[in-house]
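Engineer: Residue numbers (this note's numbering), protein chains in the order written: chain A, 1 to 212; chain B, 1 to 290.
What the hints contain is simulated information worked out from the structure, not anything from laboratory work. Computed from a predicted structure; not experimentally measured. It is possible that some hints are incorrect.
To be verified - Straight-line distance between alpha carbons at most 30 Å, and here's what the computed DSBU-like set of lysine-lysine pairs gives:
(1) K70/A x K6/A
(2) K39/A x K6/A
(3) K111/B x K70/A
(4) K39/A x K70/A
(5) K70/A x K17/A
(6) K17/A x K39/A
(7) K6/A x K17/A
(8) K158/A x K287/B
(9) K17/A x K111/B
What the hints assert, rightly or not - Only some residues are given here: those of chain B computed to face chain A with a beta carbon under 10 Å:
(10) W7
(11) L33
(12) M112
(13) E239
The beta-carbon is built from N, C-alpha and C at its ideal position, and this holds for glycine as well.
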Amino acid sequence: MADLQKLYDAVLNGDQKTAVAVTQEALAEGCDPMELITKHMVPAMDEVGRRFECEEYFVPELLLSARAMKGALELLRPLLAASGAEPAGRVVIGTVKGDLHDIGKNLVASMLEGGGFEVIDLGADVPPERFIEAVRENNARIVALSALLTVTMPSMRKTIEALEKAGMRQQVKVMVGGAPVTAQFAAEIGADGYGENATAAVALARRFAQAG
Amino acid sequence: MSRLAEWIHGGIVITDGAWGTRLQELGLEPGALPDAWNLASPDRVEQVAREYVEAGSEVILTNTFRSNRIALAAAGMQDRVAEINAAGVAISRRAAAGRARVAASIGPTGKMLTAEEVAPPELRAAFLEQAQALAAAGADAILIETMSDLEEARIALRAALSTGLPVIVSFAFDTGRNRDRTMTGVTPEQAAAEMAAEGADAVGANCGAGIERFVPICARMRAACSLPLWIKANAGMPEWREGRAVYSTPPADFAAFLAPLREAGAAFVGGCCGTTPDFIRALAAEKERL
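Chain B with its partners taken away, still in its complex shape:
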């Protein structure tokens, strides 16, 4: 039985949209580490979180996607894991102010196990350190997202479960003709079954493709496990107009997928790359309508 059942109440829960692009609009340098702003510019991070709560997000994430020791090392911040994660949770909790729950984000390390760029004990230690910092700061749940490698996801899941918090594991299916495999070849069925067997409270898919691709992925995960499903789709694929990336799906078209996704078994729906508070408003309005 998933500990997230009480979050859902049999209906559908609207989560949030992209943070990184919004932070860039607020002045974050392209390519700079968004997580560093939890310490350097907490007000602007909180503004993004608050925009989502005001748009109707019932669950918001934290700006901690890259705040594991291995990923932070790329920016020379590997010794500030506890601080950055604690600040990230505190910011989202302030913005939520009891109106939304906080699922704290853990992303991949960016190093590949199969290529022996990193060893399992190092991964385990990095995820445990981050998960403990997020839990200590008062996160309501932990979200492990944009995963490609089953083993890395499993290591992160075990670390996150050890905190006692509910844990969601979400994969990025961005590979193959139908974009239904992760970079390392994992199928939706494998991801769902393996994570369920390890004790995850929810599984899902995020990033990697436009929302239309998530309906079949969701249905396939539903067939492979009985856990609540977590879906965060991109606003289509980026197109280039006048030197800027423009995502192709407008908010209303995006929100029109809420019913098919619910039909396919989704419990949590939100957006990934290219989505904004407008997408969340459209999803919340569509939820009212359904």
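Next up, chain A with everything else stripped away, as it sits in the complex:
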């Protein structure tokens, strides 16, 4: 029997190799993929989030756990798709035009994937047109914008304005984040939400997905 406590521990400890191995073993024994996710992996990620909030975990631990989760999810996704299960939601993410910083954006992307979202990562220095294209091509419902510099934060506003001009603003929820970004700024530029950190971003995306 696959030891599923090990799957929980592997995600919690950011051990991708073990997470993948236990998942393979469990699948070979006929475990339900959905149950692996909801009963073992999601609770592990919830605990990762709790430890982050308590300042026991920091960015490197979050990244490693998200990777372990992602490794296991990659095995499960094809099975879920075959059974007709949908991802939690589809998110287009990128660091806005003029800004080359991607550590925060990568972290949020990994955490969203770990949270069961399908993530279309456009990279850094992404112009508004690219966001619009990606939303259209992927029929995404959530757009996540990142910026590290105060001088590139106006690109967030421009991206939201471009979505409006393209007639897509009603179709998507826009979330923003990054070190200098505040809830006040998010409200001022007409974003739908602000995530103070990566775990908050996942919670926000879940709320958007449920509401949509």
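Position chain B relative to chain A; hints supplied.
Structural biologist: For chain B alone, kept in the frame of chain A given last:
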């Protein structure tokens, strides 16, 4: 014994403030690489450096924060490491003209070791290449700043020490409820003790928070090591007014922290994001008053 002791003479040394925002006022495109201007627009970089010297900076930095091969690659300039760093030191030395010392800036690569985005040998080579270029150009010391990861800082410190110059290592404590951890979870105590053990000549904190947060951080570093402490705080957190980022702390309020910081053990005090020559003038005046 720190080789920077003779810079301090038992008192407090005023360093400089932010460069990037000033360069933008002088025409640098938002999001463009400031370091590229060492070659493209050296006069305007020198103007910023000179403004700080005239405001009372006793130590100025160089416009080389992102001039390591890995960070420069983002702008396609990875093959111009030597040139950009040499120009950066030359510009600051011209502006200082013997009135201030030049601590050459090395920033993080922007790639995370723990996430395996970069391997230690690659980091080592990048920092060594930059440190050697800065030393060859005549920097008085090397400042490794805005660090988050202890291992990256250690690799950069070893590379910088190999040039023979004094080395300062400064971390950005921007995480946690009290903003007293780096992004990767490093505490002020860990940063100070580890860098002291590796042979740093000074340790410190920059960026990440407003100046009031630096007093306890400084005291905690003081308790963990006996090196001179280097402090460069932000002018508060940015607020948004009419589409522009405005930092909340005025120069006089900022300078009022000079005495508490000295009390907490700081030897070098200056500003990071949002600070201007006015902040340095206020610090220099406060130093006179103390």
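Engineer: Would the pair K17/A and K111/B pass a check requiring their Cα atoms to be no farther apart than 30 Å?
Structural biologist: Since the Cα atoms of K17/A and K111/B sit roughly 22 Å apart, the hinted pair holds (cutoff 30 Å).
Engineer: Given the hint that K17/A pairs with K39/A, does the C-alpha gap stay at or below 30 Å?
Structural biologist: Within the cut-off at roughly 20 Å; holds.
Engineer: Is the shortest C-beta separation between W7/B and chain A less than 10 Å?
Structural biologist: Violated. Min distance 31 Å.
Engineer: Please work out if K6/A and K17/A have their alpha carbons no farther apart than 30 Å.
Structural biologist: Between K6/A and K17/A the Cα gap is close to 11 Å, so the pair holds against 30 Å.
Engineer: Minimum Cβ distance from L33/B to chain A below 10 Å?
Structural biologist: At about 8 Å, which falls below the 10 Å cut-off, the nearest Cβ of chain A leaves the hint on L33/B intact, so it holds.
Engineer: Holds or violated: K39/A and K70/A, Cα atoms, limit 30 Å.
Structural biologist: holds, 16 Å
Engineer: Could you grab the alpha-carbon distance between K158/A and K287/B and see if it respects the 30 Å cut-off?
Structural biologist: Given that 30 Å is the threshold and the Cα spacing comes to 44 Å, the pair is violated.
Engineer: Hinted pair, alpha-carbon criterion (30 Å max): K111/B, K70/A. Please report holds or violated.
Structural biologist: Given that 30 Å is the threshold and the Cα spacing comes to 20 Å, the pair holds.
Engineer: Please verify that hint: M112/B, Cβ, nearest Cβ of chain A, below 10 Å or not.
Structural biologist: It holds, given that the least Cβ distance between M112/B and chain A is near 6 Å, below 10 Å.
Engineer: Does K70/A pair with K17/A here, judged by a C-alpha cut-off of 30 Å?
Structural biologist: holds, 11 Å
Engineer: Holds or violated: E239/B as interface residue toward chain A, Cβ cutoff 10 Å?
Structural biologist: This interface hint holds because 7 Å falls under the 10 Å limit.
Engineer: Against the 30 Å threshold, does the CA-CA distance of K70/A and K6/A hold or violate the hint?
Structural biologist: Since the Cα atoms of K70/A and K6/A sit roughly 16 Å apart, the hinted pair holds (cutoff 30 Å).
Hints 8 and 10 from the earlier list are contradicted by this structure; the remaining hints agree with it.
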